[in-house]
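Read off the chains here:
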Amino acid sequence: MSASIAAAKSVNSKPAKAKKQKEPWKVSEIVCMVVTAILFCIVAYPVFYAFLQSFRSYSEITIDPMGMPTHYNLDNYVRLFQETDFLAATMNTVIITVVTLAILCVILPMAAYGVERIGGKLSGFFYLLFIAGLMIPFQVRMIPLVRMFDMMGLYSTLAAVILVHLGGAAGFGILLYCSFIKGVPIEVEEAASIDGAGKLRTFWQVVFPMLLPVTSAFIITNALTFWNDFFIPLVMLDSTSAGTINVAINRMVGLLTSQWELIYTGAIISLIPSIIIFAAFQRYFIKGMAVGAVKG
Amino acid sequence: MSTSLSVAATPSKTSHKSDSAAKSSTMSAVQRRNRWMMFFFILPMLVVFLAIVIIPSLQSIQLSFTDYDGISPTYNYVGVDNYHEIITSGRFWNAVKNTLILGIGSAFIINVISLVMALLLDRIHHFSGFFRTIVYLPSLVSAFIASTIWKYMLNYNFGAVNSILKKAGLEGWVHDWLGDSHIVVWVLLFLICFTLGGNTTLIYLSNLQSVPQELVEAAEVDGASGWQVFRHVTWPMLAGSVTVNFTLSLIGGWVIFDQIQVLTGGGPGFVSETMAFFIYRLGFGEYRAGFGSAAAVLLFIIVMITTVITNKYMRGREIQA
Amino acid sequence: MLSTKSFNRLTKGVAVVAALASTVGLAACGSSRAATAGGKDSARFLYATGDETWNATVKAIVDAYNKLPNKVGTVVAEPIPSGSDYATAMKTMDATGNWPAIVDMRDTVTYIEAGKLAPIPQEVTSLVDDDAYSAYKDGNVYLTPSTANNGELGFGIVYNKQYFKDNNLSVPTTWDEFIKLMQTIKAKGQTPLATAAGEVWPSGQLWKPIASETFAKHSAKDGGFWADVKDGKAQVADLKDDLTKLKDIIDNYTLKGWQSTLDAQTTTLLVNNQAVMATTSSGLGRLRDINKVKPDFDAGYFLIPDSEGNFNVLKNSVGDSSQGLAISKQAKDNGKQYDIAVDFLKYYYSVDGANVIEKSGTMSPQIKDSSKVTRNTEIPGSTDYYALLDSPKLKWYVNETPWKTFSTFNTFFRQSRIAMQDNQSSIDDTIAKVQAEFDKDIKG
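Chains as they are written, first to last, in the working numbering: chain H, 1 to 296; chain Z, 1001 to 1321; chain P, 2001 to 2444.
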């Protein structure tokens, strides 16, 4: 699907950057900025709210849930790390996200390439098989999975979460890569193979570099998915593990009372890396997602 | 247009390849070895995928014919009893209705909003990175956390939304947003659209940025209005990403869970249950894993049918455009 | 051959991936297992978290036990996430076959039926007040109370005592007085009652005290209302009067927005004077929370009386709402862990243990020697609670639901009640639907 995410290569050639710097300010552009900013303020209201609440105490929040902070200090932030396993949870989240992505970046482009190039009915079969995975909700396969991991001795390890993410990411990944690979001219590979390069070398040395834009897009979307995921680690990690950030936050939501001050604080902390990563890589993301390339 | 996109498309280039290669003779040894090679390329991902996705799903199909409670070591086969019970229960059809509203509704709204946002972003050339980031920011917040916060903000008695309405003198607009059974599903729809649009916006944006500027300029020189340029130049170029985005949002919409769980718990009563939630509630909260599995199988069938239909339709539309 | 070479590289690649995955797995194993590592002489105590006071209590009682010179072994406290995901958490834990020795238990019937729990021996139960626990249908006791929230004594009304004093109102002693009290408050322009149905489970907070009179009439040595429904001696329609009362209170005296209000939010509504009274199912727990939020708030606690002025309270039994401490079958099989668990529970229900629990801020369970326990009465309203325990009007009743499908039925009943309160269906329709569900789940 990923609409013939055909080669952003050709898009690259357009020197967009240079154009930007010289461009003069237009009234229409400023109007767009203002509209965007207003929409942003509405949509991001919960984030502002959580940020403000992270400076209030439990009783302040409970007495007046919508009130403003009376003082600004980092007490809640300090408490979060001192009184809970939040640091361990953060580390777990980082490990899960990074390792899953690292493995995916190796096996997924290969698989997509294989699906595209294996040819004939098999191509269609494998493609559909992987795409079907997109449509199977995690809830459907949760109990058999837990049993399986337990038998393998992997239950409540980060490896279990990673494996579930790997399987879950396959559908979207194959979809994204396949439509991109379609745009990769086969002649380049044929030339390489005439030069005597094996399929594997051809792939890593010739094809994979061409896939970098789509890889960056894939990494960003999935990094966020893995980072923000709540349900899978909730089910796959029991109390012997510190859990992930969201699981740790969920543990603060109690039956009777919830530690709101820490929940909001945790929510803000979990956002910081996402924002930094996104802000830093959004340009590659746009390139990678460059859909519907201009052919000719 | 040159955009070739489909969920169920057999990759097109491959046929081209085999055509050219088949010139000489039938499948040669080299070709066969190549196919094996390609199979080994697929293998690692395939093994993980089968183990994590396909096999457990098949086990669920098996469980759907049992009275398994998820805990006991044994269970009995009960034939199609679970399926019969599900399709004769009004509760299930209500969940199907909600799933359709939230799935199709969110797919439509998210796409419209995202397209508008993308068009706005496309016109911003200064600090574009900053603006892209803030537009994406709400999607960076996990659905779980965003819903937790919204639950408080929408409280009838002290939530920010009602407080603001009261201060603005709009007493008549004050509602129990998550507790009024007549509107709760639409409120959920609204909140879901708030949190899921980030990726969609960026896919549109990257598509917009690849629209050749010359085409737009040429149209403007010809005296086309802003709307005409959009309708006749930009929109057709977006056909591919519309299909991708719509299909992805639709699939995402079918399995919405976190928001329902946190915001309403399916209530008040049963009114806001969705299929994914229904499966979870019955299969896990009420210890009826067999029954829940049967509902899950039905969900899969619905998701599959609707996705294939939408995709067929969208592809047809794409060609017309 | 070229292809062999590349194949080798491929396998190497796969091996690297596999190695990477297993390293992570091992690392995770290492770190996670270390946290709960205990030798042969330790037993795990799995407890539900979320409530800071309860967390502190568990820590205090476990520490105190571990310091005993003659303890049988060490107890390791281990938290589980609580709330709506309790069932999931338990289920996944069960799937691992890694049961702790002592469990902060809910959904007890399911786990008894599945053979996951061991009977609690008489040497423990003999320490506990007879009204505070009861046996399962097989004659064994599987659950003893973890706090003074005996049975459903925590299903009551927390109220603004200062408001009562200022307006010369008194705590109702009969059902009619309760209704009249709410009428009076309403006439003064205040909202009488806040209740919560934003989650499914708190919907019993108002319902159970109302229905308790009917339930109590069916109370018997073994059985109760639902057992009679199963045997055809009663039917859901017998609850029609009670459902009508419930609807009347919701329609006339309840703070708007109850459909989306969470149990935890009733504290906010009470301390901000948005309602004079609020329902609760955690009795002392709610009082403690109010105290934490607003220490100068003068809260009180009472039970809704029946038409004759009795407080009918469900005895701690093995049913859908039962909650308490249990010993796992796995510990019993282990032997040593079982001995530690039994010894720990004996300490838990001793006067010394009760004092430790009281000191940590939790009200200790009713034990035979309760009179020797130093009660912690710092929290406003807690004296009301203790007074109830000695009230001659307090009538314990039994309503056993020893069917593992009862939680399925009960969730349906709760949701149907909310739908009825919300005018989505009539009382009669609700009764018919609930009866049909009961026949299907329990009788069928």
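Some hints could be false.
Straight-line Cα separation of at most 16 Å, EDC-like style, residue types lysine to aspartate or glutamate; simulated pairs [claimed, not checked]:
| id | chain 1 | residue 1 | chain 2 | residue 2 |
| --- | --- | --- | --- | --- |
| 1 | P | Lys2059 | H | Glu83 |
| 2 | P | Lys2256 | Z | Glu1171 |
| 3 | P | Lys2372 | P | Asp2390 |
| 4 | P | Lys2217 | P | Glu2308 |
| 5 | P | Lys2256 | Z | Glu1085 |
| 6 | P | Lys2404 | Z | Asp1067 |
| 7 | P | Lys2359 | P | Asp2063 |
| 8 | P | Lys2292 | H | Asp85 |
| 9 | P | Lys2440 | Z | Asp1180 |
| 10 | P | Lys2440 | Z | Glu1171 |
| 11 | P | Lys2294 | H | Glu60 |
| 12 | P | Lys2292 | H | Asp64 |
| 13 | P | Lys2346 | P | Asp2166 |
| 14 | P | Lys2440 | Z | Asp1081 |
| 15 | P | Lys2433 | Z | Asp1081 |
| 16 | P | Lys2233 | P | Glu2199 |
| 17 | P | Lys2294 | H | Asp64 |
Coverage of chain Z stretches by chain H, computed from C-beta distances (three or more under 8 Å per stretch; other residues unrestricted) [to be verified]:
| id | stretch |
| --- | --- |
| 18 | 1178-1189 |
| 19 | 1250-1261 |
Sample of chain H residues at the chain P side, in silico, Cβ under 10 Å [to be verified]:
| id | residue |
| --- | --- |
| 20 | Glu29 |
| 21 | Val31 |
| 22 | Met33 |
| 23 | Glu60 |
| 24 | Met68 |
| 25 | Thr70 |
| 26 | Leu87 |
| 27 | Thr90 |
| 28 | Val146 |
| 29 | Asp150 |
| 30 | Glu187 |
| 31 | Trp260 |
| 32 | Ala280 |
| 33 | Phe281 |
| 34 | Tyr284 |
In case anyone wonders, no lab produced these hints; they're calculated from the structure. Note that beta-carbon positions come from the ideal geometry of N, C-alpha and C, so glycine has one too.
Hints versus structure:
1. About 13 Å separates the Cα atoms of Lys2059(P) and Glu83(H), which keeps this hinted pair within 16 Å; it holds.
2. For the suggested pair Lys2256(P) and Glu1171(Z), the alpha carbons sit about 14 Å apart, so the restraint of at most 16 Å is met.
3. With a CA separation close to 15 Å, the supplied pair Lys2372(P) and Asp2390(P) stays within the 16 Å bound.
4. For the given pair, Lys2217(P) sits about 13 Å from Glu2308(P) by alpha-carbon distance, which is consistent with the 16 Å threshold.
5. For the hint pairing Lys2256(P) with Glu1085(Z), the CA-to-CA distance comes to about 36 Å; that exceeds 16 Å, so the pair is violated.
6. Simply put, Lys2404(P) and Asp1067(Z) have alpha-carbon atoms about 13 Å apart, close enough for the 16 Å limit, and the pair holds.
7. A hinted pair counts as satisfied when its Cα atoms are at most 16 Å apart, and Lys2359(P) with Asp2063(P) qualifies at roughly 13 Å.
8. At roughly 24 Å between alpha-carbon atoms, Lys2292(P) and Asp85(H) are farther apart than 16 Å, so this suggested pair is violated.
9. Note on Lys2440(P) and Asp1180(Z): the hinted pairing is violated, with a Cα-Cα distance of about 30 Å set against a maximum of 16 Å.
10. As the CA atoms of Lys2440(P) and Glu1171(Z) are separated by approximately 46 Å, the hinted pair breaks the 16 Å bound.
11. Straight-line distance between C-alpha atoms of Lys2294(P) and Glu60(H) comes to about 9 Å, which keeps the hinted pair within the 16 Å bound.
12. In summary, the hint linking Lys2292(P) to Asp64(H) is supported, as the alpha carbons are separated by about 14 Å, within the 16 Å threshold.
13. Note on Lys2346(P) and Asp2166(P): the hinted pairing is violated, with a Cα-Cα distance of about 46 Å set against a maximum of 16 Å.
14. Annotation: proposed proximity of Lys2440(P) to Asp1081(Z) holds, straight-line Cα distance about 12 Å (limit 16 Å).
15. Of the pairs offered as hints, the one joining Lys2433(P) and Asp1081(Z) is violated, with about 19 Å between alpha carbons and a cut-off of 16 Å exceeded.
16. Only pairs whose Cα atoms come within 16 Å are accepted, and Lys2233(P) paired with Glu2199(P) is rejected, the gap being roughly 32 Å.
17. Under the criterion of a C-alpha separation no larger than 16 Å, the hint pairing Lys2294(P) with Asp64(H) is consistent with the structure, at around 11 Å.
18. Taking a C-beta to C-beta cut-off of 8 Å, the stretch 1178-1189 of chain Z contributes 0 residues in contact with chain H, too few for the three needed, and the coverage statement is violated.
19. Using a Cβ-Cβ cut-off of 8 Å, 5 residues of the stretch 1250-1261 of chain Z lie near chain H, which meets the minimum of three, so the contact claim holds.
20. Taking 10 Å as the C-beta contact cut-off toward chain P, the hint placing Glu29(H) at the interface is violated, the least distance being around 42 Å.
21. Because the smallest distance between the Cβ of Val31(H) and any Cβ of chain P comes to about 38 Å, over 10 Å, the interface hint for this residue is violated.
22. With a cut of 10 Å, the hint placing Met33(H) at the interface with chain P is violated, because the nearest CB-to-CB distance is about 37 Å.
23. The criterion of a C-beta within 10 Å of any C-beta in chain P is met by Glu60(H), whose closest approach is roughly 9 Å, and the hint holds.
24. Taken as an interface hint, Met68(H) does not check out: its beta carbon lies about 16 Å from the nearest beta carbon of chain P, beyond 10 Å.
25. This hint is violated: Thr70(H) has a C-beta 16 Å from the nearest C-beta of chain P, more than the 10 Å allowed.
26. With its C-beta approaching chain P no nearer than about 12 Å, Leu87(H) sits outside the 10 Å limit, and its interface hint is violated.
27. With a cut of 10 Å, the hint placing Thr90(H) at the interface with chain P is violated, because the nearest CB-to-CB distance is about 14 Å.
28. Interface hint status for Val146(H): upheld, as the beta-carbon distance to the closest one in chain P is roughly 5 Å, under 10 Å.
29. Hint status for Asp150(H): holds, given a least beta-carbon distance of 5 Å to chain P, under 10 Å.
30. About 20 Å separates the beta-carbon of Glu187(H) from the nearest beta-carbon of chain P, more than 10 Å, and the hint is not met.
31. Interface restraint check: Trp260(H) against chain P, minimum CB-CB distance 9 Å, threshold 10 Å, status holds.
32. With a cut of 10 Å, the hint placing Ala280(H) at the interface with chain P is violated, because the nearest CB-to-CB distance is about 25 Å.
33. Of the supplied interface hints, the one on Phe281(H) is violated, with its beta-carbon coming no nearer than about 23 Å to a beta-carbon of chain P, more than 10 Å.
34. Checking Tyr284(H) against chain P: minimum C-beta separation of about 24 Å lies over 10 Å; hint violated.
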